[in-house]
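Peer 1: Sequence:
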Amino acid sequence: MKLRVYLTFDEATVREPIIWKLAKEFDVITNIRTAEVKNNMGLVGLEIEGADDVVEQAIIWLGQQGVHVEPIEQNVIEG
Numbered sequence: 001m002k003l004r005v006y007l008t009f010d011e012a013t014v015r016e017p018i019i020w021k022l023a024k025e026f027d028v029i030t031n032i033r034t035a036e037v038k039n040n041m042g043l044v045g046l047e048i049e050g051a052d053d054v055v056e057q058a059i060i061w062l063g064q065q066g067v068h069v070e071p072i073e074q075n076v077i078e079g
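Note that my numbering has the sequence shown beginning at 1, numbered continuously upward.
FYI, nobody ran anything at the bench for these hints, they're computed from the structure.
Honestly, I wouldn't trust all of these hints.
Computed cross-link-like contacts, SDA-like style, restricted to lysine to any residue with a CA-CA straight-line distance of at most 20 Å [stated by the list, open to error]:
#	residue 1	residue 2
1	Lys-24	Asp-52
2	Lys-2	Trp-20
3	Lys-24	Met-1
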């Protein structure tokens, strides 16, 4: 499964290496498609690829870390 999501990081999570931890703790491939990071917030367009159940677990884990996860419905970051 390949899933595209927007990740929103708040002030508490923006300085943490959460995407690195995601790739390290789960057997997934991550691809940052777009990102805007400031001192107190961040928005990242991310592709997550792996086995269906592992990708689902990874999404749940992101939420548990305090990251807001929103699926990308359209192919807006292709290219």
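Peer 1: If a hint holds in the structure, say so; if it doesn't, say that too.
Peer 2: Structure-based check of each hint:
1. Lys-24 / Asp-52: 17 Å, holds
2. Lys-2 / Trp-20: This hinted pair holds, its Cα atoms lying about 18 Å apart.
3. Lys-24 / Met-1: 18 Å, holds
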